[in-house]
Amino acid sequence: MKLTVLLLTLAIAQAHGAGLAQNVTISGHNLSLKQVFTSIKRQTGYAFFYNNTLLEQAHLVTLDVKDEPLFQVIDRCFRDQPLTYYIENKTVVITQRPPADRIPAMPADSIRQQPIAADIVIKGKITNEKGEPLAGASVHTKDTRFGTSTDADGSFILRVPAGSVLIISSVGYETRRITVTKPETLVIQLTFSNRSIDEVVVTGYGENRVKRSLGYAVTQISGDDIRATAQVNPISALQGMVAGLQVQPGVAGEASTPNIKLRGSNSLNAYENTPLIVVDGMIFDNQSVTPNPGNYTDYGNILKDLNPDDIESISVLKGGAVTALYGSRAANGVLLIKTKKGLAQKGLGISVSQDVLFDQAYKTTDFQNVYGAGLYANDWSTLPNGGLAINASDYGISFGPKMTGQTFQDINGLTRKNYPNTRDLLDIYRTGQTSNTNIALSGGNENSTFRMSYSRLGSNTVLPNNSFDRNSFALRATHRIGSNMTLDGNVTYVHSYNHNPAQQDGSSPMYKFFYQGARNYDAGYWSHHYIDSVVGGVNNADITGISQTIFFPLYQDQFFQKENNLRAGIDLTAKILSWLTFNGNASINLYDRDQETDERGSQPGFNNPYYAQHITNLLQARYRGELAGSKQYGDYRFDLHIGGEVFTSGQTGILYYTNGGVLPDIYRLSNSANPVTTVEDKPNKSQLSSAYFQGSVGYKNFLTLNIYGRNDWNSSLVYNDGHGQYSYFYGGADVAFVFTDLFKNRPSWLDFGKLRLSYASAGNGSDPYTANTGSYGSLGTYTGGSSNVSQYAYQSSTLGNQDLVPERSSKIETGLEFRLFKGRLGGDFTFYNQDTKNQIINFSVPSTSGVSAALLNGGLVRDRGIEVMVYGTPVQSRHFSWTSRFIYYYNRNTVVSLPFGTNYINLYGEDGITSVAVRNGNYGELVAPYGYARYNGGNGSPLNGQHVLGMTGNGTQAYYIRAVNYGTDPLSQEPQIGSTLPKFLGSWMNTFSYKGLSLGIFLDARIGGLEWSTSYFYGSQTGNIKSTLYGRDAAHGGLIYTPTNPTSQYLGFPLGTTQRDDGIALKGVFESGSRSVGTDGNTHDVSGMTFDQALKDGYVTPVNAADYYVKTFSWSAGIREAGVFENSWVALRQVSLGYEIPPSLIHKLKLNNLRVSLVGRNLIYLYNSAHDHINPENENDSGSGSAFEDGGVPYVRSYGFMFNTSF
Amino acid sequence: MRTSIHILLLGCLLLSLFSCSRSKFAALNTDPDAVLSIDPKTELTPGELSMVSNSNQVFYDFIRNIKPWTQVYVPITGNIATFLTSGGNIGQRWGIFYGGVGYDLEDVLHIIDKMPAAKAAQYQYLRAITLIPLAYYAFYVSDGFDRIPYKQAFQARYTNPPLVTPVYDSQESLFDTLDTQLKTAIAVLESSPSVTQVSPGANEVFYQGDPTHWIKAANSLRLKMAMRLMKQNPAKLTAIAGEVLADNVGLMSSVADDWILYSTTVGIAADFNPVEQTIYSGSHNTVSFMYRTADPRLRIFYQQSGINTQDIFDSAKAQGVLPDTLTWDGQNYRGQYASPAVTGDPTRGFWFQKLKFSYKGAAQSVSYPSVIQPGLTYYGYNAPTGTNMFPIITYADVCLMRAELKQRGLSNDPMSAEQLYYNGITASITNYDHWGKNTLLPDYTPLGASEVSNYLAQPGVAYDPANALEQICDQEYLNFFVNANETWALIKRTGYPGTTGNILRLEDVSNYGLMPRRYVINAPTLSDLNYTNEMNAIDSMEAEPHFGVPTDMTGRVWWDVP
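Listed in order, the protein sequences are those of chains A and B.
Position one of the first sequence corresponds to residue -18 (our numbering), numbered consecutively onward.
Position one of the second sequence corresponds to residue 808 (our numbering), numbered consecutively onward.
A few of these clues could be false.
To give an idea of the interface, some chain A residues facing chain B are shown, with a C-beta separation under 7 Å as derived from the structure [unchecked claim]: (1) N359; (2) T363; (3) L364; (4) N366; (5) A373; (6) G641; (7) K666; (8) G758; (9) S771; (10) L780; (11) S828; (12) V832; (13) R866; (14) Y885; (15) S1097.
Under the rule of at most 30 Å between Cα atoms (straight-line distance), these lysine-lysine pairs were calculated in the DSSO-like manner [as the list claims (entries may be wrong)]: (16) K163(A) with K803(A); (17) K344(A) with K398(A); (18) K681(A) with K612(A); (19) K398(A) with K1124(B); (20) K47(A) with K123(A); (21) K556(A) with K681(A); (22) K1043(B) with K663(A); (23) K1163(B) with K398(A); (24) K1167(B) with K1124(B); (25) K1043(B) with K1031(B); (26) K831(B) with K818(A); (27) K383(A) with K1163(B); (28) K612(A) with K663(A); (29) K319(A) with K47(A); (30) K556(A) with K612(A).
Going by beta-carbon spacing under 10 Å, a handful of chain B positions derived as facing chain A [to be verified]: (31) G885; (32) T889; (33) A924; (34) P973.
Worth flagging that the hints you see were computed from the coordinates, not collected in a lab.
Keep in mind that this is a model prediction, so the values were computed, not measured.
Cβ atoms here follow ideal geometry from the backbone N, Cα and C, with glycine treated the same way.
Chain A on its own, in the form it takes in the complex:
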């Protein structure tokens, strides 16, 4: 806090002197462009980015300018040069001038700094297609007498004669002409020109490369786009933004672990399919980007410790070429994060931003509000005075009496009216609040720059007692030593604190309300009376157990994780020869996690508390050295990088916990009644050493061939006696071909076109110690007997393997990029195929063999897909523009082979239903031995494939038979239900700009793929979910029938012998041997008949609703498949309304810019295929088998405002 004050003070003190110099003074004869750039950089803070070979083509210039606008000077320098430039974030990027430069260069000497005569004042702001300000764009009248250029925020003010035609241009963009007749404020959006494919993207080792020369797909998202989502976790913010990238934020609040998959899953290990995250050269691998393997308390991984405010850009590198650059760890692609740097400028640049967001839990899955606790209509217990009371033995199931306001005694002993509690569950949640404050200072001079920032984020989510706090400090500095060497160093420290993240399964309130809470359960009462007020501890009078499993832990237990993350790196670039550069880089990532559990004793007197702490300490370091050479021979250009890299990783950790507690409410080891248990984590040391090269040959800037090669030496493949195949080489090549450059007479509508082709392969090792599976380890001391003794057993129940070889993956990709109609329409199509084989996996074997798994090399997984991005500007007028971007992504993930000739490998599962990889089938297919049996009536039976029905022993009630009890072979006993993977993903982003206002609307969709919902399944069993109203009475579609047996066959409650209206007809065919008592009282053989037919013939009676639901959806006899449904949705992901305060006002306030915006996120689902409005994005697991909902959380929407300014 003190620091905040200090920074603010500094900021105010410096505000007067701030402001970026826009004019320059240079004079000299035959200056090299480099000399000019150096001078400009010193005066303005603008950096120059160029390739030396390019500059060698330039001729010298003679200048004599005094206090002239920067961009005029630059323009002047580039006159008649074979080069041109464009500006990106205060960086002037020099590129080859296209053969026919269609951007008219202005006769700079004819432009006056001040107009001589003027009638009107035009103010304006110039932005690119994304609405980002364009600095340095030129605005001048047609006759070039009056002109200016935009400042860093894209704003300009110009006085011109009325009726002037303004020409607005910026290198890389289409020039626009606007006639002005009266004073006004314009917002002008420029679209990329055909040349703008010289867009620079961050690739490989953080280097900038011109995108036109890349032979693989890359998408770059700007830091501003990330921040606009107001997400805590910058990776979660990428949801829907990139074709090929599937991001599903976790359920446990903002800080939770997102499920991230780039181009599907390659590994048969469901938790090793996360792309590699690289931050300024620091590698975040699966030891810090840890998965959430379903139903654990999810504190989130290191990604929540990345501060979005410090991010300059995120590049999503999908292609195989990245694999060659980053090695095997990048088999799943790379998310390359580049942080912000300072700029050379006069004084300090200060920027401040403040976001405030509110979260609202606005809806739960649908409950029914008609029937209360019990099994049947008058299922009451009778009080001694004759009054009604809950029948406690039939509690937690809502097929009981209708809730019509009867007076009854509840389970808490209180007497009240019988009404449903329609809002009880939502009332448990609160309005969440998130506040994020960021202050950044930057500055520098010709030789040094720095940027320091401090961010504080405080968030209280909708779940009571859940909060997340993050303090982030970052410093980045660059320094030039002499003329040939640059140092770039950065240090980031983040402290975060995550308290009581939402839990799943039996600890999820929604799950529990469906599974154990009857619809007249008095949640309002129990949420305040969950403690036994007399003796302390949990109130056992709550026979649902909800007090025990939900309220008590929610309000009394503390689960939290504190994290300290220190990231530091230094990068040195030294020019050795004019064409040869050395680059050295060292970085470390120190990631400390301290997880603590304080569980209050739920026994009388709050006895027996539990205390545990798990402290882990990960240190990863990376050292890299590289020589890069670059030469141009005629039309050919050669680049070569040769380097070596060492990556080391080690982790220490300790877990200790109490065993019983002496006193209540003391959470220290000293309070343990029995000896404390201590577990020391493995040090997990590993080292990966690599040598690599990357070369490219370019021809006339339109054809580029890139080749890559890498050899890894991986410690994880070395056995303790030193043997092992631990060295492996892999490589790849790609071609980028800008075919439009070949056309002599290109059609006017075709601006740009490029074809890509890429092939790459990669090898991979395993986790530390995996190779050496099969030794003994200590189980600790047994202290329960008369004397203490040590215990040993096998460390792992996995059978080791002494002959492991590296995994192999190979990828092929081809793509087309184009731009049409002067940039109004553009697109990028990609097709890819990637195969991963020799996977090192723990293959499950029957535990009866004495091991539960065997370590194997095997399996081949294939991903094949299409990525489409289309963008354009459908409407473009003077004050208004509409830009739109559409993304479509299709991936087919299949399994070509599995080891041992087995059919399925489990990815994730719950009892009786599992997501598996099927040999010769889908990766992520749901299979269920407890699915519906499929009728097999012999060849050609038209009924084949229908659900199979059985009959109770006395022939009075039909039920669905489970596949496992009917099937005759493995495939029919555990049938495949369908794929959990989406058919495709899509998103549609729209930006509408009108003057200073911009409105963004972002739709995001997933179509296809199955989901299993625990809350739906068990909510159906208990009759709490809304769809179970169906069939309960005539009004809800119940069939009229007379029971053939007076007692219900499954629940055993009285059905009576008179007519009822709660009948449900099943759909299916009776298995052979089915005998049913008909309405005539006789027994009929209904084998092979459909239920419909048998019902029509009077051979069967409908099933009473309570028995139907409870049995079909029960744990022990139910059909899991009945809890499966398609998970398709279209979400209104984000709506934002931004307003840029007009420059005139800004300047009065002595600010550089001021932007306020309103944002709403996760607002509504326009379409949701899930039953009963189950939240479709509530999957409980971050692995590749994820398709399971275990209660989840209510729907939460966020809205708030964001404010940022700089001065």
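Following the hints, put chain B in place on chain A, whose structure we already have.
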């Protein structure tokens, strides 16, 4: 330029510091916790402890299912209609055996067998001891699952290529295998090897490696297993009973011989808590019988009723929480009705509701039936100085088994059935008194001097030749209060206590289904490598006359003949 070259050289030097030699990588990739060879006794300990330490088994198998099925426990709010058909997460013993008991104990045998002959000779007692708990647990698993892999099980680590598809043994052949295994163990332990034997000491948690105790335990286990053959092969039962009675060391002969684990650490997991989620009462009929016969174990098993004095009774009645028609009968212990039908009986609603009233100015919220004593089996209630007990086979069990065999005429026991019966009851009461004390039950009252003799004289308890078999079985039922599997097996084997006896009857709950008699046998999944052997086993079991549908828990294992 010169600086640049220096930097370059320095960079190269730095990189060269990170060698990647095989030896360095091998050292990096070796788990520092790994131990390449161990003393076999240290692996005996986890093998033995696994037999009783699994809290899931206690929670799901015992507390939630087997005890309610056998009417040892009844939820305080009464049984629900589906209590005989639920069975969630049961059958934990399978995983405990293949991932724990057998997993460890088989390796103990393997380590000894791999030793040089001279060293192995010192470990023959330890090897023999190891065979006994291994045999017990295989028998125990088969008791719930029928056919299991045993002869070919656990071999993956010791075979090349690894044997990962063990065939299943029939229960009949398994019983033969295990009986032979126990005879072998007894023979070794009764021999006097020339080489001094290494004792496992405290690493052997039951008897600290004492061979005599283990011989008695092995003989008692042979008898217990043979009892299961009572209907399938009574001649074999008689033969085995004869062998163990004639053995030099023989069966357990006092409570000091009990095969039991006393532990201050096993049993602390919350799942051991029998009233953690559902509060359990004793069953109505059992508590009434024990109350009527002044059983000293009553106060060890149960807490008093919430309405345990006339004063409280009158106060509650006056406040309308008890029916006007109810009169005080002086009974301070009551069990809950096991039949779900009673929960809907309007005249008995108060049995199932929390009774809330005021007594002497203090708010009361109590139950009419007696809650069980949770501290008897759960450390949480006897912390921090209590000791939990986990009986496998006790002297009391042995006496009652012998009494039953003698009574049935299936043995030539030199002692009379009556004497064995009284010895068994006395040993059982002695044990429970001892356990009540060690588990620090609240209001523990030591066993009075004449309590046992008083009890033995009670009608229904006093040996009555006309009802002797039922009496013996009912006493086995009471004795097995903390041993759910044996309670279950007793009812399956003898039908006692049943719904029609003369001494202690269980309630008739047949409207709600039959008592489950084994676990669900699920067909293997396709991802299971041993699919063929597992399906063959299922097919063979289905061919057994009483096995029924594999997934139907009311089917029977091979020995369980109607």
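Results of checking the hints against the structure:
Taking 7 Å as the C-beta contact cut-off toward chain B, the hint placing N359(A) at the interface is violated, the least distance being around 10 Å. Taking 7 Å as the C-beta cut-off, the interface hint given for T363(A) holds, the closest approach to chain B being about 3 Å. Contact between L364(A) and chain B, as hinted, is supported at the beta carbon level, the nearest pair being about 6 Å apart and thus within 7 Å. Interface restraint check for N366(A): the shortest CB-CB distance to chain B comes to about 6 Å, inside 7 Å, so the restraint holds.
For A373(A), the suggested interface contact is upheld, since its CB lies about 4 Å from the closest CB of chain B, less than 7 Å. Residue-level restraint check for G641(A) holds (minimum Cβ-Cβ distance to chain B is 5 Å; threshold 7 Å). Evaluation of the K666(A) hint against chain B yields a held restraint, the C-beta minimum of about 5 Å falling below 7 Å. Residue-level restraint check for G758(A) holds (minimum Cβ-Cβ distance to chain B is 5 Å; threshold 7 Å).
Interface hint at S771(A): satisfied, since its Cβ lies 5 Å from the closest Cβ of chain B, which is below the 7 Å cut-off. A hinted interface residue such as L780(A) counts as satisfied when its beta carbon comes closer than 7 Å to some beta carbon of chain B; here the least separation is about 6 Å, so the hint holds. Given the 7 Å rule on beta carbons, the hint for S828(A) holds: about 4 Å separates it from the nearest Cβ of chain B. Hint status for V832(A): holds, given a least beta-carbon distance of 5 Å to chain B, under 7 Å.
The interface hint given for R866(A) is broken, as the beta carbon of that residue sits about 42 Å from the closest beta carbon of chain B, more than 7 Å. Satisfaction of the interface hint for Y885(A) is found here, the shortest Cβ-Cβ separation to chain B being roughly 4 Å, below the 7 Å cut-off. Taken as an interface hint, S1097(A) checks out: its beta carbon lies about 6 Å from the nearest beta carbon of chain B, inside 7 Å. With a CA separation close to 29 Å, the supplied pair K163(A) and K803(A) stays within the 30 Å bound.
With a C-alpha separation of about 25 Å, the suggested pair K344(A) and K398(A) falls inside the 30 Å cut-off, and the hint holds. For the proposed pair K681(A) and K612(A), the alpha carbon gap of about 13 Å is at most 30 Å, so the pair holds. A threshold of 30 Å between alpha carbons decides the hint, and for K398(A) with K1124(B) the separation of about 25 Å falls inside it, so the pair holds. Taking the CA atoms of K47(A) and K123(A), the gap is about 25 Å. The hint holds against a cut of 30 Å.
Between K556(A) and K681(A), the direct Cα distance comes to roughly 25 Å. Compliance with the 30 Å bound is thereby established for this hinted pair. A threshold of 30 Å between alpha carbons decides the hint, and for K1043(B) with K663(A) the separation of about 53 Å lies outside it, so the pair is violated. Pair hint K1163(B) plus K398(A) holds up; C-alpha atoms about 19 Å apart against a cutoff of 30 Å. With a C-alpha separation of about 14 Å, the suggested pairing of K1167(B) with K1124(B) holds against the 30 Å cut-off.
Simply put, K1043(B) and K1031(B) have alpha-carbon atoms about 13 Å apart, close enough for the 30 Å limit, and the pair holds. A distance of roughly 28 Å separates the Cα atoms of K831(B) and K818(A); the hinted pair therefore holds under the 30 Å criterion. Simply put, K383(A) and K1163(B) have alpha-carbon atoms about 26 Å apart, close enough for the 30 Å limit, and the pair holds. This hinted pair does not check out: K612(A) and K663(A) have alpha carbons roughly 49 Å apart, beyond 30 Å.
Between K319(A) and K47(A), the direct Cα distance comes to roughly 37 Å. Violation of the 30 Å bound is thereby established for this hinted pair. A C-alpha spacing of about 14 Å is found between K556(A) and K612(A), which places the hinted pair at or below 30 Å, so the restraint holds. Taking 10 Å as the C-beta cut-off, the interface hint given for G885(B) holds, the closest approach to chain A being about 4 Å. A hinted interface residue such as T889(B) counts as satisfied when its beta carbon comes closer than 10 Å to some beta carbon of chain A; here the least separation is about 7 Å, so the hint holds.
Because the smallest distance between the Cβ of A924(B) and any Cβ of chain A comes to about 23 Å, over 10 Å, the interface hint for this residue is violated. Hint status for P973(B): holds, given a least beta-carbon distance of 5 Å to chain A, under 10 Å.
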